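What follows is each chain in one-letter form.
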Amino acid sequence: MKLPLPPWVRPRALIALLATCAALALGPLLHSDVYIHNLLTLTFIGIAAALAWNWLGGYLGQVSFGHAAMFGLGGFVAAKAEISMGMPMVFAWCFGGVIAGLYALVWGHPTLRLRGPYFSIATIGVGEATRLVGTYWDWLTGGSSGTSLPMHPNLKFTLYWYALALAAVAMAASYALRRSSLGLALLAIKSDVDAASDVGVSSTRLQDLVLFLSGAMIGVCGASYGSYFSYIEPGDMFGFDRSISWVLMGVIGGIGTIAGPALGAIIFVLLRQYLIASYPQLYLGLYGILLVLVILFEPLGLTGLSLRVLRRARPDLIVSGSET
Amino acid sequence: MRNSRTALFLCVVLAAACKKQTASQEQPSGGTAPAGQTVAAPGADTIRVGATLPLTGAEARTGGFYKEGYELAFEEATKNGGVDVGGKKMAVQLTLLDDTSTQATAASLADRLINSDKVNFLLGTYATNLVEAQSVVAEQNQIPYVNGGGAATAIYKRGYKWVFGLLAPVELLAESIMKWIDTQQKAGKLPKPATIALLWENTSHGKDFRKGVTEFADKSKNYKVAVDESFELNGKDFSALLGKVKAANTDLFLADAHLPDYITMQRQYVTAGMCHKIQSYGARGSEKQAAESLTPKNVQYILSAVWWSNQLSSKSPEAKRFVDLFKAKYGGRAPEWYQALGYETVRALFAAITQAGSLDRDAVRQKLAALKIPSLLPGGELTFPAEFGQQSHAPFVVQQNLPDGTSPIVAPPDAATGMGIAPNPGCAK
Amino acid sequence: MDRFAELVIASVLLAGLYATMAYGLGLIYGVLRIVNLNHGGMIMAGAYAGWYLHSEYGIDPYLSLLPVAAVSFLLGIAMYRGLVHRLPRGAAGGVQSLLLLFGVWLVMRNVAYLLFTGNDQTLRTSYSTRAAVLAGALVSVNRVAVFAVALATLIILHILLTRTYLGKAIRAVAQNPDSCTLVGIRVERIYALTFGLGTALAAIAGLLGATLFPFNPSFGAGELLKSFVVVVLGGLGSVAGTAIAALILAAVEVFAILFIPAYLTAAVGFVLLVLVLVLRPGGLFGQRVLG
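Chains as they are written, first to last, in our numbering: chain A, 1 to 324; chain B, 325 to 753; chain C, 754 to 1044.
Worth flagging that the hints you see were computed from the coordinates, not collected in a lab.
Source: prediction; values computed, not measured.
Any given hint could be a false lead.
What the hints assert, rightly or not - A few chain A residues facing chain C, derived, Cβ under 7 Å: (1) Leu114; (2) Gly116; (3) Pro117; (4) Ser120; (5) Ala122; (6) Ala129; (7) Leu132; (8) Val169; (9) Ala173; (10) Leu177; (11) Val251; (12) Ile289; (13) Val292; (14) Leu296; (15) Glu298.
Unchecked claim - From the derived model, a few chain C residues whose C-beta atoms are all more than 12 Å from chain A: (16) Asp755; (17) Val788; (18) Val897; (19) Leu907; (20) Tyr918.
All residues carry an ideal CB built from backbone N, CA and C; glycine is no exception.
Construct the entire structure; sequences and hints are all you get.
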C-alpha cells in the first residue's frame, strides 16, 4: 500500500517518530512514578522549545540569545486569555503562540538584515528590554508579583500528553522544514543570503516565516509552562539564563541538525536534575566547557559525535553527504 | 536513515534516563544530609519533613540562615526524644534540598519530595516567588505547607487550604513604619503635612511596601507622596534617581530594597550629600553588614521594621528561650529574624502534629488552621487567621539606628527597648 | 540650572567609563572581526581582581590597575592562542567564535561563583563616599578619579595606535591582513597581542566599575551590551568616535529619568542598541557592521 506521502518523507523516519510517540504515550500505564511523569512533561516542553529555537538558530544560522522574550510573552498572553477571557486552555496556548510569533516578526524582520554576531547581540538587547518592560507592565504580567493561573484538579497529570503532542509536532515540523524544498531554500539563505536571492529564493519572506514559526512555537511552550506550574513571573519567564539554555541545548545537541536540539534538551534536563542534587553550583560552568569543546572539536555537537561513532561502526548504513 | 537512527537513539537515551532516575532515587536524596540526628533509623516510625532552601544562588546567605533555624528546631525535638504523636514519641527527619533560588527548581524539587521521597509534610523556602510556585505543588498534592519565607499577600489570596504563612505581609511592615512616623508628627516633631519620597524595588516585596505607604498616606491626609518611583532589583547606578529625589526636597525618604541595593543606594545617597528628616529602607537598616560596608556614621537614624529582633528576648520568654538555644549552639552569635522565623515555622508544624495526634495530613491541616500557640513573634502569639488566607498578621518591630551604635526597638510600645529620634539632627534644616 | 549642570557632569563622568569598556570590544572586533562575548566575563574578572587585592591585601584599587591590566593582557593572549586561534577567521567563524567566547564567559562566571560565592560585593575605600564641589555641583571624588583614569587610558591607547610601530601594525592588519603578511608583519602575533590588549582594557574597565558599583559573578552582561552600543554608534578605530558615542549613551541614560519612570531607564540602553543596529548599521562615522 502506497501512502500519499510527499517525496521527501522517509517512511522509516515517520515510523520511528510514531513508534516513539506511542511508546511514550503508553508509558505512564506501565509505571506509577509521578515524579518521573512530571519530569518527562517538562522535558517534552524543553524539546519543543529547543527545536523551535533551532529553526532560527540552526536552519537559518541566526543565533538568538533573546528567545525568552517570546516564551514569556506567549506564557503571559495565554494566562491572561485564560483568566480574563475564560478561553479554554488549548485555545489560549495557540493565542499566546500567535501573539509571540507576531512579536518575533516585529523585532525580527528589521533585525534579520544583520548577519551573524550582530544579529545575536541585537537579540540580547531585545530579550533584556522585553524583560524590563514585562516586569513593569502590571496589566499583562502582574508585574513582579507574577500571574497565578487557576488550578484544575488533574491538569498537571494530563499535561504529559499535551506536552508530548507538542514535542511531536515540533519534531515533525523540524523534519519537514529541513527535508522539504523549504529546507533547501533555508540552507541557501544560511550560506549566502544575496546569492540565494539571486537564484530566486524569496529570502525575506522565508526568513519571516521561520521567525514567526520559531517565535510562535516557543510562545506555545511558554503557555504550556504556565499551565504546568500554575504560576509565572516575568523575571523567571523572560530571564537571560532561560534564553541561554536553548542556545546550549541547540549547540551541544547539534545545531542545524533535525533532532540534535531534542537530544540537547534531554541531556540538559537530566544533567540539571542530577547536578542539582549533588553539585548545584557547577552546571553552568559544565555547560560552558561543553560548549567550548563542541565549537572547537565537533560543530554538530552530540549528534555529530554519535554520527561519527556510527559511521565508524557501520559505514554502510550512513549515507554520505553533509548534514548542514 | 539518519533521522530514524537519531529517533532510535533518542528512545534509547530516554529509556536509559528513566532507569537512571529510578536508580538515583534509591540513593539518599542529594543536597544536604538530613539534618537532625534521628533517634531510630528512618522507617515507619519517623516523621519525614521535606523542604527546599536557596543554599546557593542569589539568596544563598539568607537561605543559610533559615537552614540554621530549621536545624535548631529539629535538633531540639530530637533531644526531647522526638515529637509527641498521640502519646508516642516519633523521630523527625528533615530532607533539605537546594533550590538554587530558581522557581522551576523549587517547584520541581517540591514535586520530588512529595512523590519520590514521600515526605509527610513540607516546610517552605525563602523568597516570595519561590514560595508562590511551591505552594501550588503543595496544594495540588494536598500536603500541609508551612512557610516562614513568603510575605506577599498574593500567596494567600488564592483560597488555598494547605498553605500556611508565618511572615506577616509587607503592607503591614510599611504601616508599622508609618504609624511610628505618625506618632512623631502628632508630637510636633515633623511638619504637617509631610512630603514623602517613595522608592521601591520592582519586586512584589517592593510593590507591597509601596501599597502600605500610599494607603496610609491616603487615609491619613497628613502625608503627600511627592516622588513615587520603582527601580530594578540589583540596580547599580541610583544617582539619577537620587538626583530626582534630591530635587524634590521632601521631608521623608522611604525606600524598600534588598540588602545589596540598600548598601549601594545609601552609599550614593551619602555621596550626594543628601539628608532627610526620616529615612527608612523598609526591612533593611540595622544589618551589621551594612554598618561595616557603609561605616556606622552613614547609617545613623535609619528606621527599619522587621518580623523579629533578638532584642525581644528581654520582653518575651519564648524569644529568650530561642536566643539562648541559638547562642549555645553557635558560639554566642546572636540570631536575626531569618533564623527565628525558620525555627518557629518548624515549631508550628510540630505543635500541629502533636495536637492532631496523628500524621494524617488533613488532621494536621485542620489543627494548623486552628492553631493558637505562644510564640517568639512580636505580640507573643502565633495564629493563621482564615480571614487573611492563613497568613499570620503578627505585628512588626520598628527599630532605629542610634549614634551610639545600638538599634533599639522603638515600636510597638510593649516591645520597645528605647526611644527613637526624629527628625534627624544631622540634617542642616 | 543646578540640576542640569549636575546631570551634564554625571553624563561626562559616566562616559569615560563607558568609553574604556567599549574600546576593548571595538579593538578586538576591528582587527580580528570577532565579537568577544567574553568581554563581560573579563569586566567581571577585573572587578573581582581589584576587590580581592583590596580586601585581602589592602591594596588600593587604583594602584592595582597596572598589575591587573598586565595579567589580563597575558590571559588574553593565552585565550587567543589556546582557543580562538583554532577557529576560521572572517565571516565563517563569526557565530562560532561568538559561541566559543560565550562558553568561556559561562565558565568564568562559574569559577567566580565557586571562588567568591554569588553574593554581591562592594569595594569600599576610605574615599568611597567623599564628595567634592565641581562647577556648582556635588560630585563623588571616586567618579572623578575613574574618569581621569579612563581618559589617561584612552590617550595612551591613541598614542600607542598612532605613534608606535606596533600600533601601526595593528591598524594595518585591521585594514588588510593579507597584504600585511607580504610586508613582513606577523599577522598571527598581532592578532594575539590585540586580543590581549582588548582583554586588558575590559579588565581595567571592570576594576574601575568595581569602585563605583556592587558586583557579583553575573556582572558584565549589561556592560557588554552598553559597550556594543558605543562600538556600533561610534564606529571602529577612532578614539574620538568612541568617546563621542560613549558620551551620547551616557547622556541618554542620565537624562532619560526626566522623561520616563526610573525603572525603565535600564531599558534605554537596550532599546538604543536595537535601534542603532537596525536604523544606522553604519554607525555615526560610516564604519560598516554588516557582513
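Results of checking the hints against the structure:
| no. | hint | in the structure |
| --- | --- | --- |
| 1 | Leu114 | holds, 6 Å |
| 2 | Gly116 | holds, 4 Å |
| 3 | Pro117 | holds, 4 Å |
| 4 | Ser120 | holds, 6 Å |
| 5 | Ala122 | holds, 5 Å |
| 6 | Ala129 | holds, 4 Å |
| 7 | Leu132 | holds, 4 Å |
| 8 | Val169 | violated, 28 Å |
| 9 | Ala173 | violated, 23 Å |
| 10 | Leu177 | violated, 19 Å |
| 11 | Val251 | holds, 6 Å |
| 12 | Ile289 | holds, 6 Å |
| 13 | Val292 | holds, 4 Å |
| 14 | Leu296 | holds, 6 Å |
| 15 | Glu298 | violated, 12 Å |
| 16 | Asp755 | holds, 30 Å |
| 17 | Val788 | violated, 4 Å |
| 18 | Val897 | holds, 30 Å |
| 19 | Leu907 | holds, 23 Å |
| 20 | Tyr918 | holds, 30 Å |
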